[in-house]
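Asks: Sequences listed follow chains A and B, in order.
The first sequence: position 85 = 85 (this note's numbering), numbered continuously.
To convert a position in the second sequence, counted from 1, into this note's numbering, add 1000.
Keep in mind the hints are simulated off the structure, nothing from the lab.
Bear in mind the structure is a predicted one, so any value in this text is a computation, not a measurement.
No residue lacks a Cβ here, since even glycine has one placed at the ideal position from N, Cα and C.
Please note that the accuracy of each hint is not assured.
[Unchecked claim] Under 7 Å between C-beta atoms, here's a sample of chain A residues computed to sit facing chain B: (1) GLY272; (2) PHE392; (3) GLY424; (4) PHE425.
[Stated by the list, open to error] Chain B regions said to be covered by chain A (calculated; three or more residues, Cβ under 8 Å): (5) 1101 to 1109; (6) 1306 to 1320; (7) 1391 to 1397.
Number of protein chains: 2
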Amino acid sequence: MAKAGSWQEVAKAKREAIAESIPQPWRIDAIPSAAEQRDVTGDYVHQWLSQEEIEITEMDAVDIVEKTSAGIWSAEDVARAFCHRASLAHQLVNCLLETFFDAAIEDAKQLDAYFAKHKAPIGPLHGLPVSLKDQFHVKGVETSMGYVGWIGTFQGQKGTGRERVFESEMVKELRSLGAILFCKTSVPHTLMSGETINHILGYTWNPKNRNLSAGGSSGGEGALIGMKGSPVGFGTDIGGSVRIPAAFNGLYGLRPSAGRLAYEGMSNSMDGQNSVLSVVGPISHSVASLKLLVQALLSQDPWLHDPLVHEIPWRHKCEQETIDLINSSRHGSEKLAFGILEHDGQVTPHPPVQRAMKIIKETLRRLNHKIIDWEPPEHKRGAEILYKAWVFDGGADIHSSLKLSGEPPVPQVTPLYGHEPFQGFSASEIAATNVKKREYQKEYMEYWNSTRDQTGTGRPVDALIMPVAPFAAARREQCKYYGYTTIVNVLDYTACTVPVTCSNQNIDIASPDFKPVSELDQDIMATYDPALYDGAHVAVQIVGRRLQEEKILAIAEHIGQAIHSD
Amino acid sequence: MAKAGSWQEVAKAKREAIAESIPQPWRIDAIPSAAEQRDVTGDYVHQWLSQEEIEITEMDAVDIVEKTSAGIWSAEDVARAFCHRASLAHQLVNCLLETFFDAAIEDAKQLDAYFAKHKAPIGPLHGLPVSLKDQFHVKGVETSMGYVGWIGTFQGQKGTGRERVFESEMVKELRSLGAILFCKTSVPHTLMSGETINHILGYTWNPKNRNLSAGGSSGGEGALIGMKGSPVGFGTDIGGSVRIPAAFNGLYGLRPSAGRLAYEGMSNSMDGQNSVLSVVGPISHSVASLKLLVQALLSQDPWLHDPLVHEIPWRHKCEQETIDLINSSRHGSEKLAFGILEHDGQVTPHPPVQRAMKIIKETLRRLNHKIIDWEPPEHKRGAEILYKAWVFDGGADIHSSLKLSGEPPVPQVTPLYGHEPFQGFSASEIAATNVKKREYQKEYMEYWNSTRDQTGTGRPVDALIMPVAPFAAARREQCKYYGYTTIVNVLDYTACTVPVTCSNQNIDIASPDFKPVSELDQDIMATYDPALYDGAHVAVQIVGRRLQEEKILAIAEHIGQAIHSD
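Work the whole structure out from these sequences, hints included.
Replies: Pasting the structure below:
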């Protein structure tokens, strides 16, 4: 039994409080094991939902807003339906760190009253439930970020006067746009893992295949939205933390470039490390939903409230130019050009991911687009710059947060951070790393420019397409390679995941010809098991140059539709 | 006598080579002392110039390009005239570290041949001479940045293969726009001073009043352009280094926000310190010239060649909105609103600067604009964040550059950097400084937002106007306070200097009521001497929010014209 006041006890109390926050009628008596019920999405979860609730929660964010903004659905009904489904998701895959359903329903009632009075929506997100990774500060609830020692504090500090009062900038923007906030989702403590696990909740499982991880660090978002317990939510990404859970859960997830959306007032790990910035990005079932959210947020002039946001409103012209190219490509008069990277030279993708890349190439050819092999500056060199930035402080920040309660680091973070702080970087070493990063970015940029000679479009490639990870989703404690996502962070490029297919044990067979290029490559291929992976989502990412959100969303929509219209 | 191979000898050889690079017919026999000839601009320098040379060199950059682009003037004649006048400037105030007149004239001849063939200019800067601070790399010449140890190297390193070959990104842009590069100008070694002095050239004096400094660190640019030895040039600014020399020399100088213009491929001090970035900005005699250069450079899509530049083309709409407001203010239907800061609470401006601020206020009132007192978050707190960033590495970078030759630091840099490297900041301390900076920026941003309640325009203030320095120009070794400029760097705001008046010993009398707020305040006021300062230029700066270059240039032009049309 946990000692009184021990971190185990504090964690348990919080875990139980979360469980108890779920209304009695929404509780599930017996949760099946993964062996008993691998996939808990779709039909399985429907058993606890009414027809109306199913209709609401299976609707795309864009369509939900259309209905709430026309008074066809009440914000309250929508909020209740998602609170219910989120509660089921939590019980099945362990994804919520905070629930505030009562506040959400109260907010929804006020929106309904507003609508009744004005016969008009309050804003472009009127009545849309939005879930948030547990780095956002929301009034009335706490932010633990998975640290036991942060419970009852503001970012680990007591008596700041900000506890349960302060709100992150984007939270204020979402409220003023009419969104309904209703829960905050789980993260790996430290945030520095592609799996989601902490001592408060435990492990967050992938709802489509509960043998596998929901991804991380925005894994609670991935699992919740994958369960359709939320129509759209926000994660953050400093090495893949939006894209990995989006991909693992068959979702679209946007990693914008730094300075596009407001990060102001969010809790973070290693705050102030500014060589490679974490960014906030949306995750949802459709590109249209991502676009709805990004456009709405930019309409709030975030550059007037976040000193790190650049004044770049939503650029309709940039979006339209891309759409025009796509439309002309349908008649063969124009086309887009893509760089294709199937293997980064470090780790071989598992068979389902190889197949997804094959589907992508076939789709692009069918759409008359140009494909070129991507032969960029070595990705390994780029990724190593990022890994340095993650340990500039020798783990001082994360170990001090762990030490607050005495909890040990989870095994997913010890390879990078160990069990104790270590020697950090000097100012000169940090500066040298920053120069290396800029030089690498410049080299990559000029490589990208140089592809103009190969595309035949008069432009360099419009986007790069590559895997998000070498696996469809990671097995527990096996998320050990991040090179496919981290390269985007070191370049600060825009990237959006596109779900492509699902693992199929009958066709995704490991090649007998596989020759590992390294021990890591060998180890990662060894984690593939066709039967275990069967049914798991597989996605790729569309990568654009820095600050190309409009273009990349338009391309992701085009390709996503083409794949799924087959 | 200097020992063979000593730093003194290497410096002397370089100094003599520069002097000898000036064609014999352009040499001045006897250079008068400051006591004999305080002001060497205008009539004084005309004695060595032909009427045609005077006509060309006194012309604004915009008008020069108009003439070269219409074939009225040849690029060669223009280049020769500026090479001549720059040579005179150098002899009188010591401002050039590199001359490459032959290459310039050769380039000009090629432009003339192009024009003869195509009957059209090659680009928007066809035949415009542009001078560069000695941080830019230009093929055929070296970059010493004032360090004796950098002579014959590439940024202190030998055998890089880049010596005298590599060109900075902006240099390439300027060439492709049709500009003629002809010289590089002096800097204080280390770049970290508001005075320009190094062991190669010695001290750069203010041509309008040779008792005083030309400013720094872009002091060679300030002096050269002040002498009309160049129509427009580029400096850099991490604490005031564009604005201080612009102000001291009666010029317009733009400090854009970071990420607007390309810094890629320039040499720098403490490269890789990325908490507060140095930026590159133009200096000239008119706002129209600054705008010409900024617009031309943005037309080159610098974001495709510099990973730190944001994709923000010249925004005509933003400029036009400001111009529309200015035009309506003439009929009293609209107005602009300004925050006015006459004293930053730290150091009292000298009487000429106080009078310049008074002129500004009277001008704004006459133009029907609204003025509010600026009561921002304490500037001292902001500036202290910047001073930390300057010494993150404990002076390691600058001392290693000094050590290459064994030269000692000049007295202007020892207060900050001492004679030896010292304990630098840890990664955690750097991160904490970055957080403090972001919090300060946020606090200032919200103060700016809050002025909406006071302006009566429906907007917060359009700009802030304040001194550039507490003095019209600094006396030698007396440039000891930077708070008026550094606050802009820590906020990463856009700022443009506007020349207002000249010191007048008959009216700019120190107030007998002056009560110093500190010893520093006392010391700085003690450096004011009406007779010694007589004739010195006095400027103020117009400060806008981040990335507001279009707006601030439009306002600077409006106010500058109003002041000088009196």
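Asks: Would you mind marking each hint as holding or not holding in the structure?
Replies: Each hint, compared with the structure:
1. GLY272: 3 Å, holds
2. PHE392: Since the shortest Cβ distance to chain B is 4 Å, the answer is holds.
3. GLY424: 4 Å, holds
4. PHE425: 5 Å, holds
5. 1101 to 1109: violated (count 0)
6. 1306 to 1320: Coverage by chain A holds here, the residue count being 6 at a Cβ distance below 8 Å.
7. 1391 to 1397: holds (count 5)
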